[in-house]
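J.: Chain L is fixed; fit chain H onto it per the hints.
Order-wise, the sequence lines are chains L and H. Okay, so the first sequence: first residue is 1 according to our numbering, each after it adds one. Okay, so the second sequence: first residue is 1 according to our numbering, each after it adds one.
Hints may contain errors.
Here are the simulated BS3-like pairs of lysine-lysine, each with C-alpha atoms no more than 27 Å apart in a straight line [to be verified]:
(1) H:54 <-> H:130
(2) H:137 <-> H:88
(3) L:48 <-> H:156
(4) H:156 <-> H:195
(5) H:137 <-> H:156
(6) H:2 <-> H:243
(7) H:135 <-> L:52
(8) L:48 <-> H:137
(9) L:48 <-> H:130
(10) L:48 <-> H:88
(11) L:48 <-> H:135
(12) H:2 <-> L:192
(13) L:52 <-> H:156
(14) H:54 <-> L:192
(15) H:195 <-> H:137
(16) H:156 <-> H:88
(17) H:195 <-> H:130
(18) H:199 <-> H:135
(19) H:54 <-> H:243
(20) H:88 <-> H:2
Sample of chain L residues lacking proximity to chain H, with all beta carbon distances greater than 10 Å (derived) [to be verified]:
(21) 16
(22) 26
(23) 42
(24) 52
(25) 78
(26) 124
(27) 140
(28) 153
(29) 161
(30) 164
(31) 228
(32) 264
Listed below are several chain L residues computed to face chain H (Cβ distance under 7 Å; list not exhaustive) [to be verified]:
(33) 11
(34) 17
(35) 19
(36) 20
(37) 21
(38) 31
(39) 39
(40) 41
Note that these hints are calculated values from the structure, not bench results. Don't be surprised by glycine CBs; every beta carbon is placed ideally from N, CA and C.
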Amino acid sequence: MPSLKAGIELPDEPLIRIRARRAFDLMNLREIWEHRELLYFLVWRDLKARYKQTILGISWVILQPLLMTLVFTIFLGKLVRVQTGTTPYPLFLYAGLLPWTFFSNAVSSGSYSLLASSQMITKVYLPRLIIPAAAVSVRLSDFLVSSVVLILLMLYYGVHLSWQIMLLPVLGLQITVLALALSALLSALNVKFRDTGTAMPVILQVWMFASPIVYPRSLVPARWEWAYQINPLTGIIEGFRSAFLGLPINRQGLAVSALTTIVLLIISLLVFRRMEDDFADIV
Amino acid sequence: MKPIVSVRNISKLYHVGRLQGERPSLRQAVTSAIKSPFARLNGRSSDDTIWALKDISFDAMPGEVIGIIGRNGAGKSTLLRVLARITKPSGGEIDIYGRLGTLLAIGTGFHPELTGRENIFLNGTILGMKVKEIKRKFDEIVDFSEIERFLETPVKHYSSGMYLRLAFSIAAHFQPEVLLMDEIIAVGDISFQEKCFAKMRAVSREGRTIFLVSHNLDSIQNLCQRVFLLNAGRLCDEEDPQKVISIYVNEKGRFENGLNKS
Numbered sequence: 001m002p003s004l005k006a007g008i009e010l011p012d013e014p015l016i017r018i019r020a021r022r023a024f025d026l027m028n029l030r031e032i033w034e035h036r037e038l039l040y041f042l043v044w045r046d047l048k049a050r051y052k053q054t055i056l057g058i059s060w061v062i063l064q065p066l067l068m069t070l071v072f073t074i075f076l077g078k079l080v081r082v083q084t085g086t087t088p089y090p091l092f093l094y095a096g097l098l099p100w101t102f103f104s105n106a107v108s109s110g111s112y113s114l115l116a117s118s119q120m121i122t123k124v125y126l127p128r129l130i131i132p133a134a135a136v137s138v139r140l141s142d143f144l145v146s147s148v149v150l151i152l153l154m155l156y157y158g159v160h161l162s163w164q165i166m167l168l169p170v171l172g173l174q175i176t177v178l179a180l181a182l183s184a185l186l187s188a189l190n191v192k193f194r195d196t197g198t199a200m201p202v203i204l205q206v207w208m209f210a211s212p213i214v215y216p217r218s219l220v221p222a223r224w225e226w227a228y229q230i231n232p233l234t235g236i237i238e239g240f241r242s243a244f245l246g247l248p249i250n251r252q253g254l255a256v257s258a259l260t261t262i263v264l265l266i267i268s269l270l271v272f273r274r275m276e277d278d279f280a281d282i283v
Numbered sequence: 001m002k003p004i005v006s007v008r009n010i011s012k013l014y015h016v017g018r019l020q021g022e023r024p025s026l027r028q029a030v031t032s033a034i035k036s037p038f039a040r041l042n043g044r045s046s047d048d049t050i051w052a053l054k055d056i057s058f059d060a061m062p063g064e065v066i067g068i069i070g071r072n073g074a075g076k077s078t079l080l081r082v083l084a085r086i087t088k089p090s091g092g093e094i095d096i097y098g099r100l101g102t103l104l105a106i107g108t109g110f111h112p113e114l115t116g117r118e119n120i121f122l123n124g125t126i127l128g129m130k131v132k133e134i135k136r137k138f139d140e141i142v143d144f145s146e147i148e149r150f151l152e153t154p155v156k157h158y159s160s161g162m163y164l165r166l167a168f169s170i171a172a173h174f175q176p177e178v179l180l181m182d183e184i185i186a187v188g189d190i191s192f193q194e195k196c197f198a199k200m201r202a203v204s205r206e207g208r209t210i211f212l213v214s215h216n217l218d219s220i221q222n223l224c225q226r227v228f229l230l231n232a233g234r235l236c237d238e239e240d241p242q243k244v245i246s247i248y249v250n251e252k253g254r255f256e257n258g259l260n261k262s
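So here's chain L without its partners, still in its complex pose (with noise of 0.2 Å):
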C-alpha cells in the first residue's frame, strides 16, 4: 500500500514469536519479571476491593487465627489437655497457627484463583502464573500485618524477643514458596478438573492435622517420624514457633522442608506450563 506512512520502526527480530505448543516447554521466567507490575496492581486491586465490602476491615487479618487460637484452647488446651512443655499453651498454638493460616488461605484462594480471573484469561494475553501468584501475595499481606501485630504483642507482655527472630524472613520466603508452588499446581488442576477444588477444604484439614499446628511433634509415634518429616510444613511450623519463642531450632528439620520445597516447587511449575497452553479453551 503505497499510501500508507511507516511512522515507526520495526526492530529486526520479532518482538513476539508464536508457535506450536511443543512437548517440553520451560517456564518464562524473565516475562513473569516485566509483568511485576501487573502482579502488583493484581494485589493492590483484590486489598483495596476486600476492605471497600467489609465492615471490620483488616482486623479480619488478626481475629482469624486469633479465634481459631480461642477455639482450641478450650477443646484441645482446656479438656483434651495438650502437652507443651513450658510454653503456655496459647503461646502455642498461636506460633503454629499464624503461618497456617496465611499457609492455608493462600492455597484456598489460590487454588481457585485461575478460575475466578477466566474472563482476564479468555480475553488478554498475560504470564499465567501470575494469577495465582497474585492470589498468594494478597494473603502474604495478610500474614505481614498479623506477623507484626503478634510480635508487638509479645513486647507488650514482656516476652523477650530473641536471635531466633532472625529466622523469620527466611521461613516466610519458604512458607510462601511452598503456597506458590501448590496454588499454581492446584490451580491449574482446577482449571481443568473441577473437583480439585470440591476437595481441597478436605485436604487442607487432613493437612493441618498431619503437620505440628495444634499439638507438639512429640506426640507423634516414632515408627511415623519419617513420614511426618516428610511434610514440608512440619519443618516450617517449627521454624516459625522456634523464631517466635525462641525455642531451639531443629536443623535438620529445615533442610529437609526446604528440600521438599523446592521438589515440589519444580513439579508444580512443571505441569503449570504444560497446562497453560489450554487454559483459555477449557476454562
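T.: Chain H alone, transformed into the frame defined by chain L:
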C-alpha cells in the same frame, strides 16, 4: 516494505467436546484414558475435532487496517485469540515485530468496586502498559472518555456508555504497534463511534496496524484497506476489499446451506 505481522500456515484444532464447554472430571479423565485406545480403533477421533483455523498465511504491513469478516463460528475470534497469544496454534508460525494490544472485550479486569481512576491503572497494566506510560497518558485517557466528573466514582455506578468509553479510551491510548479488536465499537452511541473511528484512523496513520473483527460491514468498509473473509477456518484474502465483502454477501446463503448439509 517489511511486514509487521507475518503469519505462516497457522492451524488450530479444537476438540468439539471441549468447545461445547464440557468439563471433564477426574473420574471421566480416567475412564476416557482407559477407553481411548478403543475409540481410536473405531476411528471416531476425527469426528469430534474441528479445524477452527486451517493453514492460514498472510503478511500485514505497518499502518494497515485489516477487517476480518465471516459467519459465526468461521474462526474470526480464534484467529484473533491466536494472534493475541491467548491460545496456542496447533501448527504454524507467527512473528510480530512490535507490541500487541488486545481489545477483545470491554474493560477486561475492571473491578466494579474500584473508581474510574483506579481502574485506569488496573486495566492499563492488564493490557500491557507500564505505570509510567499510564501516568503520562492519564489526562488524555480521561479527556477522550469524557468521564472526568466521575473519576472518583466506583465504576459499578457507571452507565454502560461511560463504562465503554473509559475502556475503549484506555486501550486506544496504549499505542501498541499492533491492535487486535473484536466487535467492540458496535456498542457505543453514534457520536462516540465516530470518535472511535477517527481515533483508529489516526492510529493507522501513525503506522500502527489494526485487526478488526466485525459483523458490521459498514464499519469494515469505512475503516479497512484490506478485508479477510474466513469460512470454516479458511482464509480468503483478495486485493480489493470490496470484492471480499461482496463474496461474503453473495455467498452467505451458500455457506449456510453447505454447513447444514455436513
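J.: If a hint holds in the structure, say so; if it doesn't, say that too.
T.: Okay, the hints, checked on the actual structure:
The straight-line distance between the Cα atoms of residue 54 of chain H and residue 130 of chain H is roughly 36 Å, outside the 27 Å bound, and the hint therefore fails. With a C-alpha separation of about 32 Å, the suggested pair residue 137 of chain H and residue 88 of chain H falls outside the 27 Å cut-off, and the hint is violated. The suggested pairing of residue 48 of chain L with residue 156 of chain H holds, with an alpha-carbon distance near 15 Å, which does not exceed 27 Å. The hinted pair formed by residue 156 of chain H and residue 195 of chain H meets the criterion: a straight-line CA distance of about 24 Å does not exceed 27 Å.
The straight-line distance between the Cα atoms of residue 137 of chain H and residue 156 of chain H is roughly 23 Å, inside the 27 Å bound, and the hint therefore holds. For the given pair, residue 2 of chain H sits about 25 Å from residue 243 of chain H by alpha-carbon distance, which is consistent with the 27 Å threshold. Restraint check for residue 135 of chain H and residue 52 of chain L: satisfied, since their Cα atoms lie roughly 24 Å apart, inside the 27 Å limit. Among the hinted pairs, residue 48 of chain L with residue 137 of chain H is consistent with the structure: their alpha-carbon atoms are about 23 Å apart, no more than 27 Å.
With a C-alpha separation of about 20 Å, the suggested pair residue 48 of chain L and residue 130 of chain H falls inside the 27 Å cut-off, and the hint holds. Of the supplied pair hints, the one linking residue 48 of chain L and residue 88 of chain H is violated, its CA atoms being roughly 34 Å apart against a limit of 27 Å. A threshold of 27 Å between alpha carbons decides the hint, and for residue 48 of chain L with residue 135 of chain H the separation of about 20 Å falls inside it, so the pair holds. Our distance criterion of 27 Å between C-alpha atoms is broken by residue 2 of chain H and residue 192 of chain L, whose separation comes to about 41 Å.
Between residue 52 of chain L and residue 156 of chain H the alpha-carbon distance is near 13 Å, which keeps this suggested pair within the 27 Å criterion. Of the supplied pair hints, the one linking residue 54 of chain H and residue 192 of chain L holds, its CA atoms being roughly 26 Å apart against a limit of 27 Å. Between the alpha carbons of residue 195 of chain H and residue 137 of chain H the distance comes to roughly 18 Å, so the proposed pair stays at or under 27 Å and holds. Proximity of residue 156 of chain H to residue 88 of chain H is assessed by CA-CA distance (about 34 Å); at most 27 Å being required, the pair is judged violated.
Of the pairs offered as hints, the one joining residue 195 of chain H and residue 130 of chain H holds, with about 25 Å between alpha carbons and a cut-off of 27 Å not exceeded. Annotation: proposed proximity of residue 199 of chain H to residue 135 of chain H holds, straight-line Cα distance about 20 Å (limit 27 Å). Annotation: proposed proximity of residue 54 of chain H to residue 243 of chain H holds, straight-line Cα distance about 22 Å (limit 27 Å). Restraint check: the Cα-Cα separation between residue 88 of chain H and residue 2 of chain H comes to about 25 Å, which is no more than 27 Å; the hinted pair holds.
Some Cβ of chain H comes within 10 Å of the Cβ of residue 16 of chain L; the nearest lies about 4 Å off, and the non-interface call is violated. Distance to chain H confirms residue 26 of chain L as a non-interface residue, since its nearest Cβ pair spans about 15 Å, more than 10 Å. A Cβ of chain H approaches the Cβ of residue 42 of chain L within 10 Å, the least distance being about 8 Å, so the stated non-interface status is violated. At roughly 5 Å from the closest C-beta of chain H, the C-beta of residue 52 of chain L falls inside 10 Å, breaking its exclusion from the interface.
For residue 78 of chain L, the condition that its CB be more than 10 Å from all CB atoms of chain H holds, with the nearest at approximately 41 Å. The claim that residue 124 of chain L is not at the interface with chain H is violated, since a C-beta of that chain comes within 10 Å of its own (minimum 5 Å). Residue-level check passed: residue 140 of chain L sits 20 Å from the nearest beta carbon of chain H, beyond 10 Å. Annotated as non-interface, residue 153 of chain L keeps its C-beta farther than 10 Å from every C-beta of chain H; the closest such distance is 32 Å.
With a minimum CB-CB distance of about 38 Å to chain H, residue 161 of chain L clears the 10 Å threshold, and the non-interface call stands. No beta-carbon of chain H comes within 10 Å of the beta-carbon of residue 164 of chain L; the shortest separation is about 39 Å. For residue 228 of chain L, the non-interface assignment is confirmed: its Cβ lies about 28 Å from the closest Cβ of chain H, beyond the 10 Å cut-off. The Cβ of residue 264 of chain L lies farther than 10 Å from every Cβ of chain H, with a closest approach of about 20 Å, so its non-interface assignment holds.
A distance limit of 7 Å between C-beta atoms decides the matter here; for residue 11 of chain L the minimum to chain H is near 6 Å, and the interface restraint holds. Taken as an interface hint, residue 17 of chain L checks out: its beta carbon lies about 6 Å from the nearest beta carbon of chain H, inside 7 Å. With a cut of 7 Å, the hint placing residue 19 of chain L at the interface with chain H holds, because the nearest CB-to-CB distance is about 6 Å. For the restraint placing residue 20 of chain L at the interface with chain H, the shortest Cβ-Cβ distance is roughly 5 Å, inside the 7 Å limit, so the hint holds.
Among the interface hints, the one on residue 21 of chain L holds; its C-beta lies about 5 Å from the nearest C-beta in chain H, closer than the 7 Å criterion. Interface hint at residue 31 of chain L: violated, since its Cβ lies 11 Å from the closest Cβ of chain H, which is beyond the 7 Å cut-off. Interface restraint check: residue 39 of chain L against chain H, minimum CB-CB distance 9 Å, threshold 7 Å, status violated. Here the hint on residue 41 of chain L is kept, as its CB sits about 5 Å from the closest CB of chain H, short of 7 Å.
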